[in-house]
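Which chain is which? The protein sequence lines are A and B, in order. Start counting the first sequence at 929; every next residue gets the next number (the numbering used here). Start counting the second sequence at 64; every next residue gets the next number (the numbering used here).
Any given hint might turn out to be false.
Stated by the list, open to error - On the chain B side, residues computed to face chain A include the following (Cβ under 10 Å): (1) 111; (2) 113; (3) 114; (4) 206; (5) 295; (6) 300; (7) 380; (8) 410; (9) 416; (10) 419; (11) 492; (12) 493.
Stated by the list, open to error - Computed list of chain A residues with no C-beta within reach of chain B, every gap over 10 Å: (13) 932; (14) 982; (15) 1006; (16) 1012.
Read the hints as simulated data drawn from the structure, not as lab findings. Note that the Cβ used here is the ideal one computed from N, Cα and C, for glycine as well.
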Amino acid sequence: MASELDVAYVAQLARLQLTAQETELFQKQLGDVLKYAEKLKEVNVEGVEAAAHAVPIFNVFRADDPCDWFTAAEALSNAPRQANNLFIVTKVVE
Amino acid sequence: MTKRDLPALSIIELRDFLRRGEISPSETLQALEERIDAVDPEIGAYLVHDFATAMAEAEKTDVSLPLGGIPIAIKDLINVEGQQCTCASKILRGYRAPYSATVIEKLRGHGAIPFGRMNMDEFAMGSSTENSSVQVTRNPWDLSRVPGGSSGGSAAAVAADIAFGALGTDTGGSIRQPAALSGIVGFKPSYGRVSRFGLVAFASSLDQIGPLTKTVHDSALLMNAIAGHDSHDSTSLNAPVPDYTKNLGRDLKGIRIGLPKEYMIEGVDPAVKSAVIAAVKQLGELGAEIIEVSLPHTDYAISVYYILATAEASANLARFDGVRYGHRAENVSSLFDHYARTRAEGFGAEVKRRIILGTYVLSSGYYDAYYLRAQKVRELIRQDFVREFEKVEALVSPTSPSPAFKLGEKTTDPLQMYLADIFTNAANLAGICGISVPCGFAQSKNGKTLPIGLQLLGKALDEARIFQIAHAYEQSTDWHKARPVIEPIAA
Chain A
929 MASELDVAYV
939 AQLARLQLTA
949 QETELFQKQL
959 GDVLKYAEKL
969 KEVNVEGVEA
979 AAHAVPIFNV
989 FRADDPCDWF
999 TAAEALSNAP
1009 RQANNLFIVT
1019 KVVE
Chain B
64 MTKRDLPALS
74 IIELRDFLRR
84 GEISPSETLQ
94 ALEERIDAVD
104 PEIGAYLVHD
114 FATAMAEAEK
124 TDVSLPLGGI
134 PIAIKDLINV
144 EGQQCTCASK
154 ILRGYRAPYS
164 ATVIEKLRGH
174 GAIPFGRMNM
184 DEFAMGSSTE
194 NSSVQVTRNP
204 WDLSRVPGGS
214 SGGSAAAVAA
224 DIAFGALGTD
234 TGGSIRQPAA
244 LSGIVGFKPS
254 YGRVSRFGLV
264 AFASSLDQIG
274 PLTKTVHDSA
284 LLMNAIAGHD
294 SHDSTSLNAP
304 VPDYTKNLGR
314 DLKGIRIGLP
324 KEYMIEGVDP
334 AVKSAVIAAV
344 KQLGELGAEI
354 IEVSLPHTDY
364 AISVYYILAT
374 AEASANLARF
384 DGVRYGHRAE
394 NVSSLFDHYA
404 RTRAEGFGAE
414 VKRRIILGTY
424 VLSSGYYDAY
434 YLRAQKVREL
444 IRQDFVREFE
454 KVEALVSPTS
464 PSPAFKLGEK
474 TTDPLQMYLA
484 DIFTNAANLA
494 GICGISVPCG
504 FAQSKNGKTL
514 PIGLQLLGKA
524 LDEARIFQIA
534 HAYEQSTDWH
544 KARPVIEPIA
554 A
């Protein structure tokens, strides 16, 4: 399994630009980690339910009541670029 | 007591001085500030601290409250309104929290003063605090060594008497391991016991906020303040919060403590092993019954942890896109270029590695082999604990397989760094609570004394019992009374 990791491809999926050196280094380092993790294949997991949380809680609802929250100015207070009370995004449509 | 000695006090001791009016909250802060100025240049625990704001709070605080007038240091990933919250990452440089985390509101409700932003591994990813993008934090016991991580700034500050207590977070051991390596008490609550609202998420099914303190009593006192249900966090448990100090002082008669045979493995440092064996004997002498137990899936915990934690991190960190907050790349050629360069410029190497690993284990074709299988083995690990906790009230083990390691020793080999969490990961996977208390010292080759930590694990929501056992052990030893002598590095 470990040999199938293609760091350059996965970095694209993760929207992460890597240098050639980073790609090569991570390929080796993460290859080691995945090789270590191969021991999970030994475990018999037949019939075992997958645990997303240690303490499963389902259907947590709050009352549907309006309450005060951020103003636009507060929500924009850390925006790297903003105008007219809006976030500026990079052009999405060509 | 002189003002010079004041920063060495425990929270309980300081509280008594404040209540008797022998010192004021402002004098406390001034004494702490002087000590920080003298010592922190050697340690590097604080990223920033805002003395003026804390003084304004100190002047209004009510010392009759349980933590009235007591400054508490905050790991730099818990939001305090108006203060920076950078997770020690370049991607959040300059970020100012527009609101406070629930734990901060609760601390303030108990009279405490959040003071200082503590260094950490970037986004809590690491076991040595060396992944901070800002600065190195040094172990107060030996400045050439790491304080542990990821809550290394919080731990080093408490150990060096430049914080009375601190909040950290524990996703795979990030409170307990630095507490062990720095010679203090670190507590990880059960999952859901403490609200995560206002905590920057790393791995949401594993993260918990908890206290780092000089004593077990102080730890229980901080837990009294921060525990409890919060409607802003849907994973917080709606269960009553007991007074965690109420069992302190009770003996250990009738308490059964399990020694997992899988935890006394090869590769544990001989000094750690002998200190833990002596501590187990001590627990027996205090009246506890020691029983050998078995957690057969222990050997898989690190693999499960690094698959699930990175998967959750890759999703959580997708929010850092350079639009709503944080760093944004300049002169981008496309939307893809905007994201890819923003994140490349903002994240450090370990964060990038974990995002890639997490993205891979969740990707089509590998999801079942890695992520789904890891979730199933997580369930088997959880069942190991449920089964053994029918026979015992607590489990005992080393917190870390070795005392503090050298700065730079493990930075080139991520897998070796991951193995530093071998005894702590499983508690997060199982959602149970745990504590690390000082249980001895190792002598290093360079003649330094290095602390060793004893880990006690308890059932989910059985915090009060773990505090009882840890306190009984602590009070029967002198380990927690030893303080490091901090020598200047720039002689």
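Hints, verified against the model:
no.	hint	in the structure
1	111	violated, 17 Å
2	113	violated, 18 Å
3	114	violated, 23 Å
4	206	violated, 28 Å
5	295	holds, 9 Å
6	300	holds, 7 Å
7	380	holds, 9 Å
8	410	holds, 7 Å
9	416	holds, 6 Å
10	419	holds, 5 Å
11	492	holds, 7 Å
12	493	holds, 5 Å
13	932	violated, 8 Å
14	982	violated, 3 Å
15	1006	violated, 4 Å
16	1012	holds, 15 Å
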